[in-house]
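Asker: Got chain A sorted already, so can you dock chain B onto it with the hints?
Sequences listed follow chains A and B, in order.
My numbering puts the first sequence at residues 3 to 115.
My numbering puts the second sequence at residues 154 to 304.
The set of hints was computed from the structure by calculation and includes no laboratory data.
One should not assume that every hint holds.
[Claimed, not checked] Computed from the model, here is a short list of chain A residues facing chain B with C-beta under 10 Å:
1. Ala12
2. Leu15
3. Val16
4. Ser20
5. Ser21
6. Thr57
7. Tyr65
8. Ile66
9. Ile71
10. Cys85
11. Asp92
12. Ile115
Beta carbons are placed, not taken as given, at the ideal position from N, Cα and C, and that holds for glycine.
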Amino acid sequence: MDEFQTGEEASFLVDEVSSIIKEAIEGAIGGNAYQHSKVNQWTTSVVEQTLSQLTKLGKPFKYIVTCVIMQKNGAGLHTASSCFWDNSSDGTCTVRWENKTMYCIVSAFGLAI
Amino acid sequence: MEGGKKRQDKDTSKGKKTTQDASGTAPTEVKAKPRHRNTYRLEPRTKVRDDLVRDKAQAILTSKLQEATYDGASSPFLCASISEEILKAVKELDYDRYKYVVSVLIVEKANQAMIVASRCLWDVQRDTWVSAKCETDTFIALALVMACYYD
Chain A
3 MDEFQTGEEA
13 SFLVDEVSSI
23 IKEAIEGAIG
33 GNAYQHSKVN
43 QWTTSVVEQT
53 LSQLTKLGKP
63 FKYIVTCVIM
73 QKNGAGLHTA
83 SSCFWDNSSD
93 GTCTVRWENK
103 TMYCIVSAFG
113 LAI
Chain B
154 MEGGKKRQDK
164 DTSKGKKTTQ
174 DASGTAPTEV
184 KAKPRHRNTY
194 RLEPRTKVRD
204 DLVRDKAQAI
214 LTSKLQEATY
224 DGASSPFLCA
234 SISEEILKAV
244 KELDYDRYKY
254 VVSVLIVEKA
264 NQAMIVASRC
274 LWDVQRDTWV
284 SAKCETDTFI
294 ALALVMACYY
304 D
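So here's chain B without its partners, still in its complex pose:
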């Protein structure tokens, strides 16, 4: 029988726990947030380096899209896979205490106008964002990576 809260030294990891009722009814999920010991550390060990993240994102974009042409059927999958690859690469850079949001846009070029704008409400000293662009004859791809510090 599971129960109780876990104490952990690590900064991350929260989990959902499943508790089984004694009378044998269906298991209910109880969200128990594990309590962590205070680390008394207010800053991340290393702040996210914009240039490194931008290089990674740019490299992934160019490598995947250099030869591709816009295709209505395959672009959604391409978009999603690029987004996941960039996320994986940024996670590999292994900055501690950061959450990431990666957004990828692929737009077909058809002489239309488009504007992308974003605003963020966050901690300017610790959070950051980068953008990478890849342009070919048939389409433009834009990747946005945002990193937010999480205590």
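Next up, chain A with everything else stripped away, as it sits in the complex:
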């Protein structure tokens, strides 16, 4: 029975993904203060921008992008994630961003196909 490896192995490059996420955040909520009416729109645009830039990389990956925007109020926030995957090909990148009125945490997970 013939066996073959289809194509090159791509890997999840954390730095590349992290810069994509930072750009998306800056672009969407860069200089803004927290506004309840706009938050929905902001999260959507951060996530969609990140996802579309990741797709443009053209790697054989499935992506999951999660964005949490929270108003600054002195409250605590903890997030944890565990994953069951192949360590050599899959990866994750989380970017924490803040300004005077809000926190924004974006996590991107990439799973090789």
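Answerer: Using the frame of chain A, we list chain B on its own:
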């Protein structure tokens, strides 16, 4: 002396191999991906059942957090341990050819507003996600479980 690629009938398991240099220099790790025989199976044997996964995640959340109050020091550990427990429980359901990502958020209630959004680029017919929530007087806990099919 190790070397070569392993042939395996099983669908999963990839490994890193360590090869020792003949001249006695430090061992270098060579990532050799084992080749698998074609199974000609395009679908998983059983697709992930949303409701079962949601029940498990919800049960773990409520059991661990029902009596707890938010505490800045202990919450990070609680968060991480819940995340690992949910992952273990979902793995026990034993769906073949699936990778999982479990994400847990614990937020203290302080009259602030928060929004959680996510988008995924995947195979809609085979991949799925569930979310479970647990709310008490002092905090809200949210668990997201995503299952992705992997050939």
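Asker: Does each hint hold? Answer for all of them.
Answerer: Here is how each hint holds up against the structure:
no., hint, verdict
1, Ala12, "13 Å, violated"
2, Leu15, "16 Å, violated"
3, Val16, "16 Å, violated"
4, Ser20, "18 Å, violated"
5, Ser21, "19 Å, violated"
6, Thr57, "6 Å, holds"
7, Tyr65, "4 Å, holds"
8, Ile66, "5 Å, holds"
9, Ile71, "5 Å, holds"
10, Cys85, "5 Å, holds"
11, Asp92, "7 Å, holds"
12, Ile115, "7 Å, holds"
Comparing the model with each earlier hint shows violations of hints 1, 2, 3, 4, 5; every other hint is respected.
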